[in-house]
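Novice: Sequence:
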Amino acid sequence: MFDRALLFDWGGTLMETMPVYQGEERGWSTVPPVEGAVEAVKAASKSWRVALATNASESGDEAIFAAFEPLSIRECFSAVYSFGKAGRPKPWVEFWRYALNDLQLPAERVVMIGDSYMDDIWGATEVGMNGIWFNRRSSERKEKKRVRTIHSYAELNDALASLGF
8 MFDRALLFDW GGTLMETMPV YQGEERGWST VPPVEGAVEA VKAASKSWRV ALATNASESG
68 DEAIFAAFEP LSIRECFSAV YSFGKAGRPK PWVEFWRYAL NDLQLPAERV VMIGDSYMDD
128 IWGATEVGMN GIWFNRRSSE RKEKKRVRTI HSYAELNDAL ASLGF
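Numbered by the working numbering, the letters in the sequence shown go through residues 8 to 172 in order.
Do not rely on the hints blindly, as some may be mistaken.
[What the hints assert, rightly or not] Listed next, the in silico DSSO-like pairs over lysine-lysine satisfying Cα-Cα at most 30 Å (straight line):
| id | residue 1 | residue 2 |
| --- | --- | --- |
| 1 | K53 | K149 |
| 2 | K151 | K49 |
| 3 | K152 | K49 |
| 4 | K92 | K53 |
| 5 | K53 | K152 |
Quick caveat, the hints were computed from the structure, so don't treat them as lab data.
Remember, predicted model here, so these are calculated numbers, not experimental data.
Build the full structure now, drawing on both the sequences and the hints.
Specialist: In structure tokens:
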């Protein structure tokens, strides 16, 4: 098992966010992936423990994994951390502690990548994790000790390297 983990947000980071699809199994398998996401997940799974960290509250693991089946990335994920399981949504500390407890890794060995700076990145760094803000919507960057910004998955490896991975 790898000694580091890369957590991906779901909507807007791995899959395009389409508000018409809400609730468990309401068409998620037809939502297209974000450009470069499938390749990034497959590459990361060769040297990272890869998991999903999502605020999905209605979809269970199997419904989420069903959405990944057409993309052939289901086997890349070791776990799903969700609002429903953790009892609190991101960015609450309890959500991140739940994930860290399950991963059994020190926070500094975990990187969260997500499109919401507040929910995904700020929350994760509050418990000592690293964060990569996936900002496709603007040219804004946030660079801090444990935070990097990328605008496409082509920048992911450089961002991870600059965090010491």
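Novice: Does each hint fit the structure? Answer for all of them.
Specialist: Hints versus structure:
1. As the CA atoms of K53 and K149 are separated by approximately 28 Å, the hinted pair is consistent with the 30 Å bound.
2. Simply put, K151 and K49 have alpha-carbon atoms about 27 Å apart, close enough for the 30 Å limit, and the pair holds.
3. For the proposed pair K152 and K49, the alpha carbon gap of about 27 Å is at most 30 Å, so the pair holds.
4. Between K92 and K53 the alpha-carbon distance is near 26 Å, which keeps this suggested pair within the 30 Å criterion.
5. Between K53 and K152, the direct Cα distance comes to roughly 26 Å. Compliance with the 30 Å bound is thereby established for this hinted pair.
This entry satisfies every hint, going by the numbered hints stated previously.
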